[in-house]
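Asker: Chains as they are written, first to last, in the numbering used here: chain A, 5 to 133; chain B, 5 to 133.
Keep in mind that a hint or two might mislead.
Copies of the same chain look alike in the list, so a pair counts if it works inside one copy or between any two.
PhoX-like mimics (lysine-lysine), calculated; alpha carbons at most 25 Å apart, straight line [unchecked claim]: (1) K56 with K9; (2) K86 with K102; (3) K56 with K18.
Honestly, the hints are just simulated from the structure, not real lab data.
2 protein chains.
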Amino acid sequence: MSRQKEIILDVLRKVRTHPTADEILLMARRRVPALALGTVYRNLKLLCDEKKVRRIPMEDAPDRYDGFLEPHDHLVCLDCGKVYDIPSLQTKEALEAKLGTEVRDYEMKVYFICPNCRREDKDGFGSPD
Amino acid sequence: MSRQKEIILDVLRKVRTHPTADEILLMARRRVPALALGTVYRNLKLLCDEKKVRRIPMEDAPDRYDGFLEPHDHLVCLDCGKVYDIPSLQTKEALEAKLGTEVRDYEMKVYFICPNCRREDKDGFGSPD
DNA sequence: CATAGAAATGATAATCATTCCTATTTTATG
DNA sequence: CATAAAATAGGAATGATTATCATTTCTATG
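With the hints as extra help, turn the sequences into a complete structure.
Answerer: So this is what it looks like as structure tokens:
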């Protein structure tokens with residue numbers, strides 16, 4: 005494993021959020037200042053293939069990455085885009101039983117307005133960026 | 005509703021697949037030859053806002069659109085990309101109960117290898133494009 | 001019917017996340 | 001140390017989707 009790949013994985017494991025490739029770049033550059041965005045993307049893809057990292061594809065925003073591997077789903081705020089972990093609502097086995105086919109993978113995303121954004125909506129002010 | 009918007013909706017309602025914007029363009033052009041791709045995208049967005057059409061965001065391919073509105077989830081072949089309808093595995097109400105929050109929307113996608121592609125994999129040949 | 005204002009269109013340019021390319025650097029190995 | 005293989009940095013390319021804008025099409029009204 006190259007130095008940059010190790011650092012990218014380490015960054016993802018230490019953080020409790022679900023950062024984008026750009027955010028990972030910024031964090032990792034504290035340790036490898038010359039790190040390139042392409043390298044981040046390449047290694048994230050490798051790490052996903054090795055099942056050491058999970059990609060969270062976003063519908064209208066850059067994808068997020070997740071270093072937490074226990075099965076879980078995601079709750080996404082439609083307002084601020086923040087991603088929360090929630091316990092898995094299905095198992096692969098249950099899906100296979102219900103569908104009668106082998107299942108390779110599945111993806112569940114629930115959308116809501118997070119408490120912060122709900123509060124802001126009430127008084128009519130958003131947060132300043 | 006403009007002529008092109010009506011035709012786009014009609015195309016989506018008549019078809020049993022889950023076409024991309026490009027495919028919708030081709031089908032709709034049989035009736036409006038000068039139709040522009042931008043117009044297709046603009047109207048698809050409007051139709052989604054009006055809840056007359058559902059967008060199926062795809063992870064590594066152009067998004068699909070669905071004119072079938074009964075709640076259902078999607079089963080996607082990792083090989084050929086074909087999208088199948090499956091009965092909903094959750095209800096919004098069940099999710100809200102489980103999560104203890106208001107839920108705006110949710111998205112469930114299950115990945116598998118469809119029977120066709122499984123067969124092709126066996127003999128080691130894919131279909132000729 | 002004429003027509004003014006509004007809304008939608010077609011064509012094309014712009015955006016932006018992600019991937020690709022390549023010359024260079026790093027790493028592993030005998 | 002020499003060398004081949006692998007990975008990198010940096011920048012260009014890709015491709016789906018949006019934005020822009022001049023022109024066309026509706027629509028309502030007198």
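Asker: Evaluate each hint against the coordinates.
Answerer: Here is how each hint holds up against the structure:
1. K56 with K9: within (11 Å within a copy, 45 Å between copies)
2. K86 with K102: This pair counts as between: shortest inter-copy Cα distance 20 Å, intra-copy 32 Å.
3. K56 with K18: within (13 Å within a copy, 43 Å between copies)
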